[in-house]
Structures are given as structure tokens and as C-alpha cells.
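Trainee: Based on the sequences and whatever the hints tell you, model everything.
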Amino acid sequence: MKKEELFKLKEKALANLREKIDYNKVYIDDKGNFKLKGDFYENQKRLVLKNCGIIDPSSIEDYIGLDGYKALYKAIYELDQREIIDIVKDSGLRGRGGAGFPVGRKWEAAYREDSPIKYIICNADEGDPGAFMDRSVLELDPHSVLEAMAIGAFAIGANKGFIYVRAEYPKAVKALEKAIKDAKAYNLLGENILDSDFSFDIELRLGAGAFVCGEGTALMESIEGKRGMPRNKEYRTTVKGLWGKPTVINNVESLANIGQIINKGPAWFRTFGTEKSPGTKVFALSGKVKRAGLVEVAMGTSINTIVYDIGKGIQDDKEAKAVQTGGPSGGCIPKRLFDTSCDFESLKAIGSIMGSGGMVVMDEDDCMVDVARFFLEFSVDESCGKCTPCRIGNKRLFEMLDDLTKGKADQESLDKLDELAHIVAETSLCGLGKSSPNPIISTMKYFYDEYETHIGKTKTCPAKRCLSLLNYDIGEACIGCGKCKRLCPAQAISGEVRNKHEINQDKCIKCGQCKENCPIDAICLG
Numbered sequence: 001m002k003k004e005e006l007f008k009l010k011e012k013a014l015a016n017l018r019e020k021i022d023y024n025k026v027y028i029d030d031k032g033n034f035k036l037k038g039d040f041y042e043n044q045k046r047l048v049l050k051n052c053g054i055i056d057p058s059s060i061e062d063y064i065g066l067d068g069y070k071a072l073y074k075a076i077y078e079l080d081q082r083e084i085i086d087i088v089k090d091s092g093l094r095g096r097g098g099a100g101f102p103v104g105r106k107w108e109a110a111y112r113e114d115s116p117i118k119y120i121i122c123n124a125d126e127g128d129p130g131a132f133m134d135r136s137v138l139e140l141d142p143h144s145v146l147e148a149m150a151i152g153a154f155a156i157g158a159n160k161g162f163i164y165v166r167a168e169y170p171k172a173v174k175a176l177e178k179a180i181k182d183a184k185a186y187n188l189l190g191e192n193i194l195d196s197d198f199s200f201d202i203e204l205r206l207g208a209g210a211f212v213c214g215e216g217t218a219l220m221e222s223i224e225g226k227r228g229m230p231r232n233k234e235y236r237t238t239v240k241g242l243w244g245k246p247t248v249i250n251n252v253e254s255l256a257n258i259g260q261i262i263n264k265g266p267a268w269f270r271t272f273g274t275e276k277s278p279g280t281k282v283f284a285l286s287g288k289v290k291r292a293g294l295v296e297v298a299m300g301t302s303i304n305t306i307v308y309d310i311g312k313g314i315q316d317d318k319e320a321k322a323v324q325t326g327g328p329s330g331g332c333i334p335k336r337l338f339d340t341s342c343d344f345e346s347l348k349a350i351g352s353i354m355g356s357g358g359m360v361v362m363d364e365d366d367c368m369v370d371v372a373r374f375f376l377e378f379s380v381d382e383s384c385g386k387c388t389p390c391r392i393g394n395k396r397l398f399e400m401l402d403d404l405t406k407g408k409a410d411q412e413s414l415d416k417l418d419e420l421a422h423i424v425a426e427t428s429l430c431g432l433g434k435s436s437p438n439p440i441i442s443t444m445k446y447f448y449d450e451y452e453t454h455i456g457k458t459k460t461c462p463a464k465r466c467l468s469l470l471n472y473d474i475g476e477a478c479i480g481c482g483k484c485k486r487l488c489p490a491q492a493i494s495g496e497v498r499n500k501h502e503i504n505q506d507k508c509i510k511c512g513q514c515k516e517n518c519p520i521d522a523i524c525l526g
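Counting from 1, one number per residue, gives the positions in the sequence shown under UniProt numbering.
FYI, nobody ran anything at the bench for these hints, they're computed from the structure.
Be aware that a few hints might be false.
To be verified - The calculated label-pair distances, taken between Cβ atoms and stated as ranges, are:
1) Lys464 x Ile117: 55 to 63 Å
2) Glu516 x Glu496: 47 to 55 Å
3) Thr458 x Glu364: 38 to 46 Å
As the list claims (entries may be wrong) - Below 25 Å or equal to it, Euclidean Cα-Cα: the simulated BS3-like pairs (lysine-lysine) are:
4) Lys35 x Lys386
5) Lys181 x Lys74
6) Lys434 x Lys445
7) Lys20 x Lys10
8) Lys45 x Lys70
9) Lys160 x Lys2
10) Lys408 x Lys464
11) Lys408 x Lys386
12) Lys12 x Lys35
13) Lys178 x Lys70
14) Lys457 x Lys507
15) Lys464 x Lys507
Values in this document were obtained by computation on a predicted structure and should not be read as measured data.
Just so it is clear, CB atoms sit at the ideal spot from N, CA and C, and this is done for glycine as well.
Mentor: Here it is, written out as C-alpha cells:
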């Protein structure tokens, strides 16, 4: 496609899009922007997700109709490499994959390297439990990522890019394959893009589900055909990355911002968010919230706004207890701190992290010791095993937490748990290992009283989640129907018909069948 043909196609594509959109779900505001209807979106600022749910992701024409590839044209024909990098730097865009490193500085470092071969990688290995931000962008707006990678490649002087995406995302893989094929057909990828002397190609690489491959150096090892394990940080990836060449790695959400920043300028981007954390952030809101889903808000929006204004509060109108941000390596934030702003600095200050954007809401029925145990079990399973602190340390941490939930711990156990958690955080090789103890550190900081009840004289779980610390008892309301006795797999229940039954606590395996099936709710857990 010749460069002048892009704008002719845009006009035609926009007209077609206006005709085919569903106006019951979408409206056009006074500035000509397409937006989704519904109160779920009223408190959101959708920049990254602006096309999601509006365009047909399989149609490159729909994307072009909404200014798609306009930024790439501008980068190639109106800006030079230095100007592109300065625009991204001035925008203050920080990496949305978790670390928050400035994207412009990363591009600048790679640009300065004198190498004929450079690479740009999109990290789409989204492995956090409950996270689906990157997946949604890839499935619903794949061209935003391809365009941004081409702009970044032009800026740093790369001719080859890779998208490392989880094989568990077949719909995203299919969308990317179609988008790459169409972009090449329209001369927006491949040789002499838009009739210029710039050539750039993108290749998909599928990950096999290893959580550690979300870490940049482990990801590169995997692309090179090696076992996905983090490298020692002798050099930055912008100096020696993929196959020893300068390499830029950005995650999906970071890249999805680039086109708009080039088109509208850094000042526009800074109208959203905070001074140190400009722009928006996409969160996967899940857990005990009434209305879960993808939420995009300006950086600096409070947790309260996300949970109560957008998420409409806690299921069954129960009391919120905590929110866990940042995936399995994030921290648990108590309800009293829900006024905290969601930005890099504010979350770090209270012992949590932004992470890639997972946000799990917990209520009064959740045990924070059990929550920490759950996330540590994930980290143990997903450790690559390269460094001792993560491989062995996290295993010991999990065992300590498991003992706590089973009533086998004491005060000395708590002291050792706290000490080892900090040792693992300080001495692990990569960022995943360093952050894996965060669920322990944060819950011990804010919910220490729950840890104490698990080791006290009575050794109880206030939330009634740790079954080893609880007993099933049959109350006086029992009518002696015998249903619980017949269903008990351990034969722990005795009693005659029409007489109150009893549970032998030594035999009881705490499966819950008796309580679940009692016709008059005469069995209590305490």
C-alpha cells in the first residue's frame, strides 16, 4: 500500500464502521469518539481498551478507520528516531508489566547501542491467576500492539520483533496470526513499510505456561530455544538481550498506549494519572466483588472507587477485608487503606505493588493466613529452581504456612516465617523470586492478629476457613433423621433415629458433607 492510500482507506473504513456498529451498545460522543454504553464504564478512562468491544478485531479496516496506523505513518514520514523517543519519554509512560520502568528510557538505551541487529519483544506471557488484561487487548485490538512494535522498532533501529504469548490463549494467538497476515498484505509490516525504506517483521512464539517466563530474561531464554530460567543481570537487555543483541521488551498494555501518544502528544497523555505515574491502568477486578471485569482507570484512582463505584461493592453485602494487587507476588491491602491511590508510588509505600494489574477482592469470610498460603503454593509450583532462596526458601515458607493452618505452629514459627520471608525477598535471583514473599510480608504487617489466633491456646481460625482448626458439631435442633450419618464417608457420626446424633471428632475428616446436606441446618462449624 502506498503511503497516501492509508488516509483514503481511513475515510472509507470509518464510514463503514459507523454503519455497522450496534448503537444499542455503542455511542459516539461530541468529539467523535466511539464509546461503550452502560454505567460500568462511567467511572472509567478507556485509552488502552478504547477499541475493545467496538471494532471487529479481525478487521484491519475497522482499526484503520479509528486512526489505526496513523501513528506509524507519522513516525516514518514526519519524525526521526530521536523525536519518537523524546515523545515517549516526555509522556512519562511507565512499563505496565509490573516494574514501572520508563518506556522511553528503555527505547533510548537500545537506540544508543551501535549494533546492526536489534530486537523488540512484546511480553504477552500473562501468567498471574485471575489476570486477563493482556489477553483482552490481544483478542479485541491486536493491531494496536503490532503498530506500536513497528514504531518502537523504527525508533531503536530494529528489523525483527517477537510476540511471546501463552499457548493457553488460543483466541489471542488466532487474532494475532490474522492481524499479522493482514498487516503484511496492507504493507504495514514486512518489506518497505508504507513505501518507505523501513522493513520490519514480527514472529509469534508460544509459551508453554511457565510463570517464570513472564520475567524478561527467562522469556528470552525460551525464545532462543533454551529452558526458561532467569539470567544473571550482568547487562541490561538493551545492551545484551536476545542472542546477545540489544533488545527492548515491553508488555502488551505498555505498547497499546504508544499509538495514541504519538498521535496526540505527551501533554495529552499526562492529562491522565499523576505526575509520577501518568496515563491509565487496566485492572482485572475479581474475587468477592459484585461486578467483576476489566476496569481501566486513570492512575491515582482510589481502591474505593474501583471496588465500590465500578465494582458495586462486596457480594451479599458483606464487609470487605482486603484487596490483593499485583498477582501472586503482590501485597494484601486492608480495608482501612482503601483510600490509597492506585499508582506505582502509593502502592509501594503500603507494601504492595502495581504488578500487571490483578486486583482480587476479599471479604470477611477470607482467612489471610490461608490467602498467603494459597499464593505461596502457586509460587512454589512455578519456581524455575535456579536459585536456592526461591527454590528452597519458598518451599519452607509454604510448609510454615501450612502448619499454621493446621494448628501445628507457635510463636517461634511466626518469628521464623517473618525472618525467612525477608531473606527470600532480599536474596532471590530475579524479580519474581524477590516479590514472591509479598503475600506473607503484607498479611503479617496488616493482619498479624489473625496469625496470632492460629497459634493461640485455642488455635482458631476466625474466618472459619482452616478446617483443621475447626470442628463440626450437631446442635440440639437435630431431629435424628440420620441423613448425615448415612452420608459420612468416615463413619464418624452415631445416633439412633429420631434422637440427636453425635460426631466423633477423632474420626471426622471435616469434609463438610454433614453440614451441607442437613435438612434443618442443625450442624454448625466452630
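Trainee: Determine for every hint whether it applies to the structure shown.
Mentor: Tested hints:
no. : hint                        : result
1   : Lys464 x Ile117: 55 to 63 Å : 59 Å, holds
2   : Glu516 x Glu496: 47 to 55 Å : 23 Å, violated
3   : Thr458 x Glu364: 38 to 46 Å : 20 Å, violated
4   : Lys35 x Lys386              : 47 Å, violated
5   : Lys181 x Lys74              : 22 Å, holds
6   : Lys434 x Lys445             : 18 Å, holds
7   : Lys20 x Lys10               : 15 Å, holds
8   : Lys45 x Lys70               : 22 Å, holds
9   : Lys160 x Lys2               : 22 Å, holds
10  : Lys408 x Lys464             : 17 Å, holds
11  : Lys408 x Lys386             : 30 Å, violated
12  : Lys12 x Lys35               : 20 Å, holds
13  : Lys178 x Lys70              : 20 Å, holds
14  : Lys457 x Lys507             : 23 Å, holds
15  : Lys464 x Lys507             : 20 Å, holds
Hints 2, 3, 4 and 11 from the list above are not met by this structure, while the remaining hints are.
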